[in-house]
Amino acid sequence: MSRAAPLWLRLGSIAFGLLVLVLPLPDVLDALRPHLLALVLVYWALEAPGNAGIAAAWLAGLLADVLAGTLLGEQALRMAVLVFLVQRFRAQLRFFPAWQQAAAVGLMLLNDLVLMLLLRGIAGAGLPPPGVLLAPLLGTLLWPWVFLLLDALRLRHRERSTPR
Amino acid sequence: MIQPGAPAPKLSEAAAGSLPLLACIALSAVLMVADHRGELSPRIRATLSSAVEPLWRLAALPSTLWRWGDTHLARQQALVEETVALRRELQLRDAQLARLEAVAQENARLRELLGGKAGYRLSVRMAGIVDVDLDPWRQRVRLDLGGADGVEVGQAMIDAGGMLGQVVEVSPWGATALLVTDASHAVPVQVVRTGLRLVAQGTGHSDALRVPNIPRSADIREGDLLVTSGIGGRFPAGFAVGRVLAIAVDESGLFLEATAAPAARIDRGREVLLVMHGAPEAAVGPPEVAP
Numbered sequence: 648m649s650r651a652a653p654l655w656l657r658l659g660s661i662a663f664g665l666l667v668l669v670l671p672l673p674d675v676l677d678a679l680r681p682h683l684l685a686l687v688l689v690y691w692a693l694e695a696p697g698n699a700g701i702a703a704a705w706l707a708g709l710l711a712d713v714l715a716g717t718l719l720g721e722q723a724l725r726m727a728v729l730v731f732l733v734q735r736f737r738a739q740l741r742f743f744p745a746w747q748q749a750a751a752v753g754l755m756l757l758n759d760l761v762l763m764l765l766l767r768g769i770a771g772a773g774l775p776p777p778g779v780l781l782a783p784l785l786g787t788l789l790w791p792w793v794f795l796l797l798d799a800l801r802l803r804h805r806e807r808s809t810p811r
Numbered sequence: 442m443i444q445p446g447a448p449a450p451k452l453s454e455a456a457a458g459s460l461p462l463l464a465c466i467a468l469s470a471v472l473m474v475a476d477h478r479g480e481l482s483p484r485i486r487a488t489l490s491s492a493v494e495p496l497w498r499l500a501a502l503p504s505t506l507w508r509w510g511d512t513h514l515a516r517q518q519a520l521v522e523e524t525v526a527l528r529r530e531l532q533l534r535d536a537q538l539a540r541l542e543a544v545a546q547e548n549a550r551l552r553e554l555l556g557g558k559a560g561y562r563l564s565v566r567m568a569g570i571v572d573v574d575l576d577p578w579r580q581r582v583r584l585d586l587g588g589a590d591g592v593e594v595g596q597a598m599i600d601a602g603g604m605l606g607q608v609v610e611v612s613p614w615g616a617t618a619l620l621v622t623d624a625s626h627a628v629p630v631q632v633v634r635t636g637l638r639l640v641a642q643g644t645g646h647s648d649a650l651r652v653p654n655i656p657r658s659a660d661i662r663e664g665d666l667l668v669t670s671g672i673g674g675r676f677p678a679g680f681a682v683g684r685v686l687a688i689a690v691d692e693s694g695l696f697l698e699a700t701a702a703p704a705a706r707i708d709r710g711r712e713v714l715l716v717m718h719g720a721p722e723a724a725v726g727p728p729e730v731a732p
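So the protein sequences, as listed, match chains A and B. Taking my numbering, I'd label the letters of the first sequence as residues 648 to 811. Taking my numbering, I'd label the letters of the second sequence as residues 442 to 732.
If you are wondering where the hints come from, they were derived from the structure by calculation, not from laboratory data. Think of the CB as a built atom: it goes at the ideal place given N, C-alpha and C, for glycine as much as any other residue. Hints may be right or wrong, so weigh each one.
[As the list claims (entries may be wrong)] Here are the in silico distance ranges between beta carbons for each label pair: (1) A:Trp655 x B:Ala464: 27 to 33 Å; (2) B:Ala627 x A:Arg805: 54 to 60 Å; (3) A:Arg805 x B:Leu499: 24 to 30 Å; (4) A:Val667 x B:Gly673: 54 to 60 Å; (5) B:Ala589 x A:Trp655: 27 to 33 Å.
[Said to hold, decoys possible] From the derived model, a few chain A residues whose C-beta atoms are all more than 10 Å from chain B: (6) Leu654; (7) Val669; (8) Asp677; (9) Phe742; (10) Trp746.
Sequences are here, hints too, so could you generate the full structure?
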């Protein structure tokens, strides 16, 4: 079925999201690093629903854990919760105007941040750099562009593969 | 779409919908607890690490290219200047080394008199730091040497300044090392001036170490140099760990707590030295004395 997004686009975007997680940045930007992986997973949960969504998000999160050296299972849990929330409110989110959708994504990222602080608090990690509070904001501002970019890539593929 | 007479579908639907999530949460919880307590088999992490190794290398590519370009495409003028500076430094080091040789000979003679055997020779191997930003909450680095190059868990890592950390995880083509400043790291140290034995812990900040539980009667001052004591057998003795910056009474009021600045250049530098257990490749420390 040509409606389904191509596998390379799904895996490629997730791999890119993982890459941004560890890309060396100047110290100032390090704490602000937007969670691109989360945005990409939100996009796929919105556009291409499937039963495997949560499991795929969990696996991607597990890879992120290994990559970033966090406690194994922490990001996996956060990504699974994120995708679950998106699937739960998918009907509403899909028909929101762009700014409202971005705000909703921002709220979910904030929820993700709270979950992270909670998990790390339990694990006994130290206090985070104060910049992390701004990361969801940056993610919100980035969301429309991620959405448009992935949408354009997906639709172009669909047009090409549909016989005229 | 609810059929009349169907038994309350909403509740069971909701339960079925959140089942995958619950499974994920349970799985994550088990993993996190196991990982936190260090009970996870190192092979699991090593396998996963090799799976994401290409991503690490890819992320480090921009800075690798930049450095390559910096060396290979540098202007003639810049190269000449650098060569002159390096030559000058080499001369300085040579002079210091010559002096050190005399000290080493004297040291060896005195050791013979005392009947001591322990030397300060050890073999090291240079490893590069893969330029990726790991979790900013934890002080870790990724090295580009792995099990295939003979790196083992527990190896000490040093740089020109002193003690840098230790290897905590090894996969075939890379290794992860914990820095001395990580909040979960502790190293047995000794005050050079008095010989007082202490333990230096990381703080999670790359510019500070914490030395807790110092008896109030202990002789320790600002500016004291801390070196590894070698107790515990994990770190070789005699490497600089840090210099005491401040001393204060701790919360209980029964002990002192010192803050120290790490001696190694924690967040600078691209190369580190791994202290090898195997055959020597290059040596640091005083040169060998001719018998």
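Here is what the structure says about each hint:
no., hint, in the structure
1, A:Trp655 x B:Ala464: 27 to 33 Å, "holds (28 Å)"
2, B:Ala627 x A:Arg805: 54 to 60 Å, "holds (57 Å)"
3, A:Arg805 x B:Leu499: 24 to 30 Å, "holds (28 Å)"
4, A:Val667 x B:Gly673: 54 to 60 Å, "violated (39 Å)"
5, B:Ala589 x A:Trp655: 27 to 33 Å, "holds (31 Å)"
6, Leu654, "holds (18 Å)"
7, Val669, "violated (4 Å)"
8, Asp677, "violated (5 Å)"
9, Phe742, "holds (20 Å)"
10, Trp746, "holds (28 Å)"
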